[in-house]
Amino acid sequence: MAQLTVPREKTGWQRVLPRHWTRYLYPAPLMIILAALIIFPIAYAIRYSFYDYYLTRGIMRFIGLKNYADAFRDEVFRQAAWVNIRIIVVSLIAEFTLGLLLALACYSIKRGRAVIVALLTVPIMISTSATGMAFRMIMLPEYGPLNYIIGKLLGRDWVAIDWFGDRNWAIWSLVIASVWHAMPFVMLILLAGLVAINQELYEAAKIDGAGSWRLFRDISLPLLKGPLFVAFLLRLIELIKMFDLVYLLTQGGPARVTETMSFYVYYVGLRFFRVGYGVTLSLFLLVLTFALAFALMQITRRREAVA
Amino acid sequence: MSQRQIRDDLIRAVRDKRLDRRRFMKRAAAVGASSSVLAGALPGRLGRFAAAQESAPPKFNVTLQLSTGETYPEVFKMYADEVKELYGVDFEYTMTAPQDMYQKDMLEFAGGSSSYDIVLFQPAWLPDYAPHLVDLGALAEEYGLNFHMDDALDVFRTSYTTWEGNFVAVPIDADQHNFYYNKIAFEDPRNQEAYKAETGNDLRVPETWDEYVQVAAFFNGRDWDFDGEPEYGVVEAWQRGGYAWYWWQSKFFSYGGIYFDEEMNPLINSPAGVKALEIQMSIVDYVPPGTANFGSPEARNAFMNGEAPMVVHWTSTAKLSKNPESSQIVDSVGIAMVPGVQDGDTIYRRPALPTGWVAGVPKYSSNIEAAVRILEYYMQPERSLAIALNPAAWSEPWRRSSFDPEAWLNQWPDDPDYARAVVSVMEETLDKGVPDLQIPGQDEYVKVADAEISAALTGAKSAQQALDDAAAEWNNITERLGRDLQLTYWTQQFEALKSRGIVYRPELAEGGM
Numbered sequence: 001m002a003q004l005t006v007p008r009e010k011t012g013w014q015r016v017l018p019r020h021w022t023r024y025l026y027p028a029p030l031m032i033i034l035a036a037l038i039i040f041p042i043a044y045a046i047r048y049s050f051y052d053y054y055l056t057r058g059i060m061r062f063i064g065l066k067n068y069a070d071a072f073r074d075e076v077f078r079q080a081a082w083v084n085i086r087i088i089v090v091s092l093i094a095e096f097t098l099g100l101l102l103a104l105a106c107y108s109i110k111r112g113r114a115v116i117v118a119l120l121t122v123p124i125m126i127s128t129s130a131t132g133m134a135f136r137m138i139m140l141p142e143y144g145p146l147n148y149i150i151g152k153l154l155g156r157d158w159v160a161i162d163w164f165g166d167r168n169w170a171i172w173s174l175v176i177a178s179v180w181h182a183m184p185f186v187m188l189i190l191l192a193g194l195v196a197i198n199q200e201l202y203e204a205a206k207i208d209g210a211g212s213w214r215l216f217r218d219i220s221l222p223l224l225k226g227p228l229f230v231a232f233l234l235r236l237i238e239l240i241k242m243f244d245l246v247y248l249l250t251q252g253g254p255a256r257v258t259e260t261m262s263f264y265v266y267y268v269g270l271r272f273f274r275v276g277y278g279v280t281l282s283l284f285l286l287v288l289t290f291a292l293a294f295a296l297m298q299i300t301r302r303r304e305a306v307a
Numbered sequence: 308m309s310q311r312q313i314r315d316d317l318i319r320a321v322r323d324k325r326l327d328r329r330r331f332m333k334r335a336a337a338v339g340a341s342s343s344v345l346a347g348a349l350p351g352r353l354g355r356f357a358a359a360q361e362s363a364p365p366k367f368n369v370t371l372q373l374s375t376g377e378t379y380p381e382v383f384k385m386y387a388d389e390v391k392e393l394y395g396v397d398f399e400y401t402m403t404a405p406q407d408m409y410q411k412d413m414l415e416f417a418g419g420s421s422s423y424d425i426v427l428f429q430p431a432w433l434p435d436y437a438p439h440l441v442d443l444g445a446l447a448e449e450y451g452l453n454f455h456m457d458d459a460l461d462v463f464r465t466s467y468t469t470w471e472g473n474f475v476a477v478p479i480d481a482d483q484h485n486f487y488y489n490k491i492a493f494e495d496p497r498n499q500e501a502y503k504a505e506t507g508n509d510l511r512v513p514e515t516w517d518e519y520v521q522v523a524a525f526f527n528g529r530d531w532d533f534d535g536e537p538e539y540g541v542v543e544a545w546q547r548g549g550y551a552w553y554w555w556q557s558k559f560f561s562y563g564g565i566y567f568d569e570e571m572n573p574l575i576n577s578p579a580g581v582k583a584l585e586i587q588m589s590i591v592d593y594v595p596p597g598t599a600n601f602g603s604p605e606a607r608n609a610f611m612n613g614e615a616p617m618v619v620h621w622t623s624t625a626k627l628s629k630n631p632e633s634s635q636i637v638d639s640v641g642i643a644m645v646p647g648v649q650d651g652d653t654i655y656r657r658p659a660l661p662t663g664w665v666a667g668v669p670k671y672s673s674n675i676e677a678a679v680r681i682l683e684y685y686m687q688p689e690r691s692l693a694i695a696l697n698p699a700a701w702s703e704p705w706r707r708s709s710f711d712p713e714a715w716l717n718q719w720p721d722d723p724d725y726a727r728a729v730v731s732v733m734e735e736t737l738d739k740g741v742p743d744l745q746i747p748g749q750d751e752y753v754k755v756a757d758a759e760i761s762a763a764l765t766g767a768k769s770a771q772q773a774l775d776d777a778a779a780e781w782n783n784i785t786e787r788l789g790r791d792l793q794l795t796y797w798t799q800q801f802e803a804l805k806s807r808g809i810v811y812r813p814e815l816a817e818g819g820m
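Residue numbers (the working numbering), protein chains in the order written: chain A, 1 to 307; chain B, 308 to 820.
Please note that the accuracy of each hint is not assured.
[Unchecked claim] The list that follows gives simulated cross-link-like pairs (lysine to any residue, SDA-like), each with its CA atoms no further than 20 Å apart: (1) Lys754(B) to Val76(A); (2) Lys110(A) to Ser220(A); (3) Lys66(A) to Gly789(B); (4) Lys768(B) to Ile171(A); (5) Lys768(B) to Trp82(A); (6) Lys670(B) to Arg57(A); (7) Lys411(B) to Thr401(B); (8) Lys768(B) to Asn168(A); (9) Lys411(B) to Arg57(A); (10) Lys670(B) to Leu55(A); (11) Lys768(B) to Trp169(A); (12) Lys754(B) to Asp74(A); (13) Lys754(B) to Gln79(A); (14) Lys754(B) to Arg167(A).
Worth flagging that the hints you see were computed from the coordinates, not collected in a lab.
Work out the full structure, taking the sequences as your base and the hints as a guide.
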């Protein structure tokens, strides 16, 4: 027999609080911390983006959307975006090609893999500043070993590549240092992905007569999509924000040929103290990064749904 | 031993840090000649200083935070022991990279605070720093101090240290650009004959910028020091962050340029600016690889290692290139005025004075009196001289009394001609030199122009295009900061330059290359 339940009458605090108030209470501390650490600074930044604010001169005028209009028209920012795009495309291709090859090579090693992997990941353990200093030495035009090695490979004593001063080469100095520093990270993620693949899948495919290429194409690669996506997303975000190597190696020079968006934002906001405009540019960067990450996730989800 | 000898020995001992200031005073007294030594050896003000020393200074028992940059802690270390004993003051040094000092200080000042009791900064930043510094003049009067600024050369009494009528900073380093050359390159008969045969002219230290280019072209790729290796023609520093601008400035001023006209229209893209940049572009093939990313040390080292026969550089190079630990050309270095432009029968020279360093006391310091007294202690003429003579201090003279030829002869007793040349070049350069632009937002004006000059040097733009773009951006900066206010500040500097005979002279650039 069904029992009829009669709601109990609310008493005291229960009248004021929402019905399932604990749902809001438990995550509240986290939400407060999030608001303090993330939402408040962004909201503060959005506010300043509507002002012409020179920190050192005490100038603070409301100018509405002018900073945004200026950012769209800013040729230097566009040029910096183009620098980022070139670095991103070349670096990602290099990092993922080399990272995948090295991950496959390490995966195929049965004895001593841990030692080799540990050695290959040394660049990640080195700070970016140390990497920058090391590459400044390695790429010295006259005394750097890189020009010497390239020279020897070309059958000459030395080649006179001005890695930091020549406008055609300077961007390559950033790409090389960045790939060297980040590629082991990609390798490590892909290697972890490879190790996680169930061996029985390979064995079954081998029984069916699959060769190495088929094993890679039809088993490894599809199952590496997840790790590849994670690594791609993280590296993309890092490369959009690229600042430290630029600061250490070229200072954005010569002229502005290696000036990335982040470096330009640093100059505008923290060298020239045009805080309002600098904040606007950094909001652009934030939106761009968020949009790219979101788009990538959507694409991946759709593909997974179709599959 | 004569009083003069006693004086020389004592000064040498102080300079070499074999004798600290207190012992110097004691020893001077012991020979019964303290006052006469001080009065005779150094300017009369020093005698008064000696008397002032007799009254016990206040003891503060604090540690002062000093923002000295990477370059200048040695200045303060020279007398740190005495300061500790006299005032009970210790020092803690923060050695930020020079290019980051402005940014760090400004961020703190904007929030109404400072981590430092004494800050070092470039005089060009004075418009931005001055509102945050104590008035040293007023406090000197209150505390009965004497900074002896009447002994300072004009430019250091005015634009380097004074803002809107207030004395807010003291000079630490009188930076200036000089011309250095390798005597082997210029004096060896084989080079002289070859140069005569190639150009029809006598080989000499370049007097004009056209000669500078011609000599660089001649030496480049030639084994001019006969060590079996070909060398480069010249070296400059063009690293992003101001260097390309610094090395362009002396050429620009020599061709009759100044920063703006009286209505604040930029003159950097005038014929003077374009000509200066064309000169700079014409040596691109004669400099060592990597010059586009050379800062000050790389350019100096290329010269001191014998890779290039000439360099325009700061006066610290005069001392360092005579030091066997840092230089391979100790016996062959020569110094001259930075080249200029033919102006009738004379050479019109306007060397740049980049950048200079001064020190001030932030209003937000909790040890203002101690900091002001310490600065005054270091500003006594004999200390200024000792600091200028100490190669480790990286500090160039700015007092008249610091150009005492005998003190500099003692610096290089084996090469008195060089010592005399150094003093003479320094004095003339400070007399004719043009200080940095000194208006609010100076850093932005300079960095924008620097990037455009760099674009021309790397072949991305023509000289005219690069400077037109820089001038357009200068106008934008002026508008953003407020044209009327900027014009007010520029007019101050414009009038100060005019009073020293520095005016726009378009006719000097009309000759063509």
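Hint check:
Distance check on the hinted pair: Lys754(B) and Val76(A) sit about 13 Å apart at the alpha-carbon level, within 20 Å; holds. Of the pairs offered as hints, the one joining Lys110(A) and Ser220(A) holds, with about 18 Å between alpha carbons and a cut-off of 20 Å not exceeded. Between Lys66(A) and Gly789(B), the direct Cα distance comes to roughly 17 Å. Compliance with the 20 Å bound is thereby established for this hinted pair. Proximity of Lys768(B) to Ile171(A) is assessed by CA-CA distance (about 18 Å); at most 20 Å being required, the pair is judged to hold.
For the hint linking Lys768(B) to Trp82(A), the alpha-carbon distance of about 18 Å falls within 20 Å, and the restraint holds. Of the pairs offered as hints, the one joining Lys670(B) and Arg57(A) holds, with about 17 Å between alpha carbons and a cut-off of 20 Å not exceeded. Of the supplied pair hints, the one linking Lys411(B) and Thr401(B) holds, its CA atoms being roughly 11 Å apart against a limit of 20 Å. Restraint check: the Cα-Cα separation between Lys768(B) and Asn168(A) comes to about 14 Å, which is no more than 20 Å; the hinted pair holds.
Of the pairs offered as hints, the one joining Lys411(B) and Arg57(A) holds, with about 15 Å between alpha carbons and a cut-off of 20 Å not exceeded. For the hint linking Lys670(B) to Leu55(A), the alpha-carbon distance of about 18 Å falls within 20 Å, and the restraint holds. Distance restraint check for Lys768(B) and Trp169(A): the Cα-Cα separation of roughly 17 Å lies within the 20 Å cut-off, and the hinted pair is therefore satisfied. About 17 Å separates the Cα atoms of Lys754(B) and Asp74(A), which keeps this hinted pair within 20 Å; it holds.
Restraint check for Lys754(B) and Gln79(A): satisfied, since their Cα atoms lie roughly 17 Å apart, inside the 20 Å limit. With a C-alpha separation of about 18 Å, the suggested pairing of Lys754(B) with Arg167(A) holds against the 20 Å cut-off.
This entry satisfies every hint, going by the numbered hints stated previously.
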